[in-house]
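One-letter residues, chain by chain:
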Amino acid sequence: MWCVLSAELSDPSLVDGKVSEYANKYNFAKVSGIDGYIAQTFGSTIRSVGKASYAAIAVALVITILITLLFMKMLVAKYRYPIAVMKALGFTNPDIAAQYMSRSVSVLMIGLVLGTLLANTLGEMLAGAVISSFGASSFHFAVNPLTSYLLCPLMMTGSVLIATRIGTSGAGQIKISESIKE
Amino acid sequence: MKKIIIGENIVKSFGEGDEKCNALGGVSIEMNEGEFVAVMGPSGSGKTTLMFSLSGMDRVDDGKVSFAGRDLSTLREEELADLHRTKMGFVFQQPTLLKNLNILDNIILSSMCNKRKNVTKIIEKARTLMKKVGIAELEKRDITRVSGGQLQRAGICRALMSDPDVIFGDEPTGALNSRSAQEIMNIFSGINAGGTAIMLVTHDAKVAARAERILFMRDGRIVSEIRLSKFSGTDMDDRMKKVTARMREAEI
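Chain order of the listed sequences is A and B. Each residue of the first sequence is one higher than the last, beginning at 1 in the numbering used here. Each residue of the second sequence is one higher than the last, beginning at 183 in the numbering used here.
Read the hints as simulated data drawn from the structure, not as lab findings. Predicted model only: the values in this text are computed from it and were never measured. Beta carbons: idealized from backbone N, C-alpha and C, even for Gly.
Selected chain B positions facing chain A (Cβ under 8 Å, derived; list incomplete):
1) Phe234
2) Asp240
3) Glu259
4) Glu260
5) Ala263
6) Asp264
7) His266
8) Arg267
9) Phe272
10) Phe274
11) Thr278
12) Leu280
13) Ser292
14) Cys295
Straight line, CA to CA, 27 Å or less: simulated DSSO-like cross-link-like pairs of lysine-lysine:
15) Lys314(B) <-> Lys299(B)
16) Lys175(A) <-> Lys297(B)
17) Lys175(A) <-> Lys281(B)
18) Lys412(B) <-> Lys185(B)
19) Lys246(B) <-> Lys184(B)
20) Lys175(A) <-> Lys269(B)
21) Lys175(A) <-> Lys246(B)
22) Lys78(A) <-> Lys281(B)
23) Lys184(B) <-> Lys269(B)
24) Lys322(B) <-> Lys78(A)
25) Lys202(B) <-> Lys175(A)
26) Lys412(B) <-> Lys184(B)
27) Lys78(A) <-> Lys175(A)
28) Lys73(A) <-> Lys281(B)
So that you can see chain A by itself, here it is in the shape it has in the complex (with noise of 0.2 Å):
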């Protein structure tokens, strides 16, 4: 038969030698600080969902750029004969290309704050139940802020304004006289 004992220490820094002392005088116990029983009963789970997370993090970017180059470049073949009317009228390739670009940052905008509303609430939920088929009873997101409201919207952003970019590339070799001949 087993049973735990917990311990709180009124100063954190003295666990590694309390560990050790109370492993000396009690060889029948298994003693263990908090931060090595959880890696001792979770790590493989914290693990698992730790390269989860930074593969959702790949993947989440690169699905972001191939689906905004694939919008990009529909966009800029469907509106061909508009964009040759702009470039007759004095719009330079770069003043189009920021016109796309104003485009997908607002989309973007709307996304991510959808998206961060959306992880918060319904997410949690979502990862839980899958994170509960791995014997974990219960699940709550460890948000990191910096991370989570800074570092991946700016990765984001990044690769939209990178994909529009390339995307809209196309712009520059409509030529207007092949688009408007009558």
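Starting from the known structure of chain A, arrange chain B on it as the hints suggest.
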């Protein structure tokens, strides 16, 4: 009279290898400030390509095009765009207005990309022009809810927004009925009377007969030319006779 456009030995071709098509085979042309020039010729004669080459919308393969003393081949994209925006106006056969903008927004569109713009003045000017061409009541109208003639008038307003030195028209009456076409041509004649040079590409002898000078093109070359007096509004029959006679001579 000062030359506004000088084209020297312009060569332009499309395609490559066996599919190469020589659209212009060494065309030279000069156009004076305030002149009204019409270019006529059968389909494929190179008249539209000539217009695009002279306006800098197409880079020429060989030869030289100067606009107001500036060699177009040496201009960077931004300089050329600036020239298109400030010195040239374009009117095309099809209403080249943007569908997601109303008539007024379409007219002021190119003026709005000027960084030192005064929006109030731009809108005021657009309204004055709209009144001048008879579409004052349509400023908030969606472009899908106006006639072809009204769209073309809006296109002319847009072309006039920058007080251009030259207006280039590619079959501007080609998609209109005869009444609308005549009204549009009256507008063009009025613009020219105000000192703006006009170059029109057309199949229609009646449209060309309004011009002071008509160039006849065939197979990428100017094969004939006729000079007429300024259009007075009453000498159309006489002008038409001269134009059609020259068309027969030039086999156009």
